[in-house]
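Spelled out, the chains give:
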Amino acid sequence: AQKVTQAQTEISVVEKEDVTLDCVYETRDTTYYLFWYKQPPSGELVFLIRRNSFDEQNEISGRYSWNFQKSTSSFNFTITASQVVDSAVYFCALTNLVRSGGSNYKLTFGKGTLLTVNP
Amino acid sequence: EPEVTQTPSHQVTQMGQEVILRCVPISNHLYFYWYRQILGQKVEFLVSFYNNEISEKSEIFDDQFSVERPDGSNFTLKIRSTKLEDSAMYFCASSARGGYTFGSGTRLTVV
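Protein sequence lines, in the order shown, are assigned to chains A and B.
FYI, the numbering for the first sequence is 1 to 119, going by the numbering used here.
FYI, the numbering for the second sequence is 120 to 230, going by the numbering used here.
Since the hints were made in silico from the structure, they are not lab data.
Do not rely on the hints blindly, as some may be mistaken.
Stated by the list, open to error - Heads up, simulated BS3-like pairs for lysine-lysine below, C-alpha to C-alpha not over 25 Å straight-line:
#, chain 1, residue 1, chain 2, residue 2
1, A, K38, B, K161
2, A, K3, B, K176
3, B, K202, B, K176
4, A, K70, A, K38
5, A, K70, A, K111
6, A, K70, A, K16
7, B, K202, A, K111
8, B, K161, A, K3
9, A, K70, B, K161
10, B, K161, A, K111
11, A, K38, A, K16
12, A, K111, B, K176
13, A, K111, A, K3
Keep in mind that this is a model prediction, so the values were computed, not measured.
So here's chain A without its partners, still in its complex pose (with noise of 0.2 Å):
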């Protein structure tokens, strides 16, 4: 079974400063890729980013950046100098990269951190 943890529930910051926001994940697979998700108040899921189980490397795309660590299974992501519009809900999710089992590639979706920026 998958299981992803996002143990921050509310994290409230001031603009300009940085946020971290952690992902934990569980899985028995060897291949699977890793999502975070912006749910602003809209309601709608924005997708920012997907990194497969291959690849550690990690991501800086502007202010955003993720850190993928195999060896602690998380997958964290910061925001640099946070501005207003960040305030969001930020959902990190999982799912298997090969299709067997049945798996269909399903998403396991963490209960995501309500991130508020005040100015």
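Based on these hints, arrange chain B on the given structure of chain A.
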């Protein structure tokens, strides 16, 4: 960029009524999904659909739920007799080998 389209964006229905949520997945994707998110909670898998049949369903997906791909492009979720606890955001998604795309969701309110 290809999109997954969901209609309606909002639906209010009376308890006991049937509702059909509609989705148009990305045309060359092979796997289709419905997920549910009760307000303030995490996104939960309901059902996956591949090769014109259900490939996996969660324990949430009981006999009140059904899915169809009636015409090769639409993908629908039917709830036969809605309950108050069915109030949630319902997301459709499609994927091709891990490349996942979500629709913008249908917010269902059962009164």
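For each hint, the structure was consulted:
A C-alpha spacing of about 12 Å is found between K38 of chain A and K161 of chain B, which places the hinted pair at or below 25 Å, so the restraint holds. Between K3 of chain A and K176 of chain B the alpha-carbon distance is near 17 Å, which keeps this suggested pair within the 25 Å criterion. Among the hinted pairs, K202 of chain B with K176 of chain B is consistent with the structure: their alpha-carbon atoms are about 19 Å apart, no more than 25 Å. The suggested pairing of K70 of chain A with K38 of chain A holds, with an alpha-carbon distance near 23 Å, which does not exceed 25 Å.
A threshold of 25 Å between alpha carbons decides the hint, and for K70 of chain A with K111 of chain A the separation of about 21 Å falls inside it, so the pair holds. This hinted pair does not check out: K70 of chain A and K16 of chain A have alpha carbons roughly 30 Å apart, beyond 25 Å. Our distance criterion of 25 Å between C-alpha atoms is met by K202 of chain B and K111 of chain A, whose separation comes to about 24 Å. Straight-line distance between C-alpha atoms of K161 of chain B and K3 of chain A comes to about 12 Å, which keeps the hinted pair within the 25 Å bound.
A distance of roughly 24 Å separates the Cα atoms of K70 of chain A and K161 of chain B; the hinted pair therefore holds under the 25 Å criterion. Distance hint between K161 of chain B and K111 of chain A is fulfilled; the C-alpha atoms sit about 5 Å from each other, no more than 25 Å. Annotation: proposed proximity of K38 of chain A to K16 of chain A holds, straight-line Cα distance about 19 Å (limit 25 Å). Of the supplied pair hints, the one linking K111 of chain A and K176 of chain B holds, its CA atoms being roughly 20 Å apart against a limit of 25 Å.
The suggested pairing of K111 of chain A with K3 of chain A holds, with an alpha-carbon distance near 10 Å, which does not exceed 25 Å.
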